[in-house]
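K.L.:
Protein sequence lines, in the order shown, are assigned to chains H and U.
This note's numbering applies: residue 1 is where the first sequence begins, and numbers increase by one.
This note's numbering applies: residue 1001 is where the second sequence begins, and numbers increase by one.
The hints are simulated quantities; they were obtained by calculation from the structure and are not laboratory data.
There may be inaccurate statements among the hints.
Here are the computed lysine-lysine pairs in the DSS-like style, where the Cα-Cα straight-line distance is at most 25 Å [said to hold, decoys possible]:
(1) H:K446 with H:K258
(2) U:K1014 with H:K422
(3) H:K224 with H:K247
(4) H:K17 with H:K224
(5) U:K1179 with H:K446
(6) H:K258 with H:K247
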Amino acid sequence: MSGFFAVEGLDVDIHGKPILEGVSLEIGRGEIFGLVGESGSGKSMTALAAMQLLPHGAEARGRILLDGADVLSVSEAAMCRLRGRRIGMVFQEPMTALNPVKTIGQQIAEGLVLHMRMTRAQAMERVRALLDRVGLARARVTPERFPHQLSGGQRQRVVIAMAIACQPDLLIADEPTTALDVTIQAQILALIREIVEAEKMGCLLISHDLAVVAEMADRVSIMKNGEIVESGRTAALFANLSHPYSKALMAASNHVPKRAKGPAHSPANHGLQPILSVRELVRAYPQPRASLFAKSPPVVAVNRVSFDIRPGQSVGLVGESGCGKSTLARALLGLEAPNGGAISVLGQDPHSARGATREVVHRAVQVVFQDPYGSFNPRHRIGRVVAEPLYLLRGEIDAREARERVAAALTEVGLTEADMAKYPHEFSGGQRQRIAIARALVTRPKLIIADEPVSALDVSIRAQILDLFADLRARHGLAYLFISHDLSVVRAITDDVMVMNGGRIVERGRTARVFDHPRHPYTRLLVAAAPRLEEALAARQRIEEAGTG
Amino acid sequence: MASRGALRVAAQHKTLVAGAAIVAVVLAAALISLVWTPYPIDVLSVADRLKGPSPAHLLGTDQFGRDMVSMLMVGARTSIAVALLAVGIGILVGVPLGLLAAARGGWLDETLMRANDLVFAFPALLSAVMITAIMGPGAINAILAIGIFNIPVFARVARGGALSLKSREFVLAARVAGKGEVRIIAEHVLPNIANLLIVQGTIQFSLGILAEAGLSYVGLGAQPPLASWGRMLNEAQTMMALAPSLALYPGLAIVVTVLGLNLMGDGLRDLLDPRLKRRTV
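Please work from the sequences and hints to get the whole structure.
P.N.:
Dropping the structure here:
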């Protein structure tokens, strides 16, 4: 392998604490090298070391070779000539990677003027060519636009244009599509691949998502705790994983919780009275006035949505960001009043119910949010956090029973009674999500609305939390409304699914049927765009066999 | 373990410690003056007038023969009492207004915040002079005049803090738990904006001391026989040529106290701001 870029025995310490140990890899021209690992595995740190952008207090040893010259030993001034010129970088979050007060043209031209000694006019000429290169010219995105005027996917295209402006030899893409919707992700990945092949760049692709890496990378290294545990050509590596960690990671990525067999999941439950019944629900937001005399039409976030959830039924709601799924969840929880239609929980409307009825309604429907860091008041102990919904049962249970219920809920999710005295920051992301589930369980609800409950978690933790959801459902006959953008998660845990687009439910049915035989064009698009590990590996296998044979 | 943590905090935040030490000394002087001063300050003794520093009068006496140390101690009490009560008015009125604006939004928010802007548009000290001139000079009126201008400051801080918390998931979770607005504010919002309010309170406290000194200097603050630093400056003015130290001591007292409070405010901000905290961890 003719690697023009190589990392040899890279160690990084931060304040004496080892972060990376003995990381070695090599990238050839026109090759995409995948670096996979969970959060904290050191994959981003490897990229930052290559750019010499390590955080304060970090110390790197080993060698990072770019065409034989050691990047680690060059001066900061020489490094400045390298960054952007020889090594380009695409960041995860396109909004924060762009300067909001400069036009995109100015930002793309910055590197050209600096490195290529171009005049303003020459640079702007090249900026136009670059915008065309990343597919923005077709969308009539001109260099005079500002970042906030673009969509997330368009912004990421601008970031890519900045990264490739000076035709670097190496492109580092750190989770380039993690912040994007699946349909946009597919486009951006295709763009990166096409550019790398056409310009004969090397690409270091960093991702937590095995499917993305399998689809994109020619060779892969799997990282854990700052070390590379296994590397190889993609299909060959995944076919013969030897390290226990890689095997566990692979298993967690394909994880489907065991389905409990029981009456709750048989078609017989369709005869039961629904817990939640939604009819023609509309939720619209007013827009700022277009002019003094003309009111703007409101944005309709949820448009005439109807569905039922029966006891023990697990329903998925999939859709991309902005499709109205979270707004729908907030309306169902009674947090936002709908503008039209009806919601009925156990025969009661949560918005008009008052007093004791209202409390019965709220007790039946609880919630688990996405962000395991933002869902708890940082100043409250876990005991108090989990006990919060018991406010709905005030007067019915005394302090001793409340305490027992909290302890029982914590045990239920795999934590202990002793955890009641701790504060939220003492727990990891996965444990916090368990606490959030315990809080939802404590009123013994009939339905839990889970809004992207595993999106912020690493794959191995995600698998555990999905198991917990499945287990709780089997034990308590809980019904779920599982909101997610991740089709594989929804497929793993739901019986029925609804696909939402532009505020409407465009398709619904049994989960397997909808994902295997989508009928609506949007569902087809969504299913086609979602990276599938098995399929990606099969395709990769064919490429590798063709290459060697 | 808590005290060891406190020591480590002290070592990391030197400005906080320095500021708190100055404030503690001034506060102690003010509190002691409630029960004891070296000499009574309402007894004039022409025989002892304009004495230099001596073991009997550590900082000497003024033109009426009053002990300067006693005067400064009582002056500290006046300044602190006026500034503290003015901050109290600001918090007690401003914070509920800010929280109300944040919780309700819409036209109420708009009205309250524009009213805030209106108060901000007045030059605070000049307006305080006007208010005390109309209502008559005195410590109580000075408190009211300074306090009114603290209201919008705290309303803004409370509103901003509450708005950023309003959409946080733990607040939504509390609403799903059926808790009402008042309960959520008490349990989730106030404890999480307390740090902002404490920092702002320290800053307003130092501004209050300056304002009180200004008002008493022009004769609209605390009235004799109550001592006040601003008033001492005013009285020393006529004796500038004869006894410059009479102006020096109260002037220094004001400068050092305000400096101490500002240092403490900066230190508290570093200590309590979660963004800065995350950086040091």
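K.L.:
Next step is simple, just say for each hint if it's right about the structure.
P.N.:
These are the hints, each one checked on the structure:
{"no.": "1", "hint": "H:K446 with H:K258", "verdict": "holds, 21 Å"}
{"no.": "2", "hint": "U:K1014 with H:K422", "verdict": "violated, 30 Å"}
{"no.": "3", "hint": "H:K224 with H:K247", "verdict": "holds, 12 Å"}
{"no.": "4", "hint": "H:K17 with H:K224", "verdict": "holds, 16 Å"}
{"no.": "5", "hint": "U:K1179 with H:K446", "verdict": "holds, 20 Å"}
{"no.": "6", "hint": "H:K258 with H:K247", "verdict": "holds, 19 Å"}
Comparing the model with each numbered hint stated earlier shows that hint 2 is the single one that does not hold.
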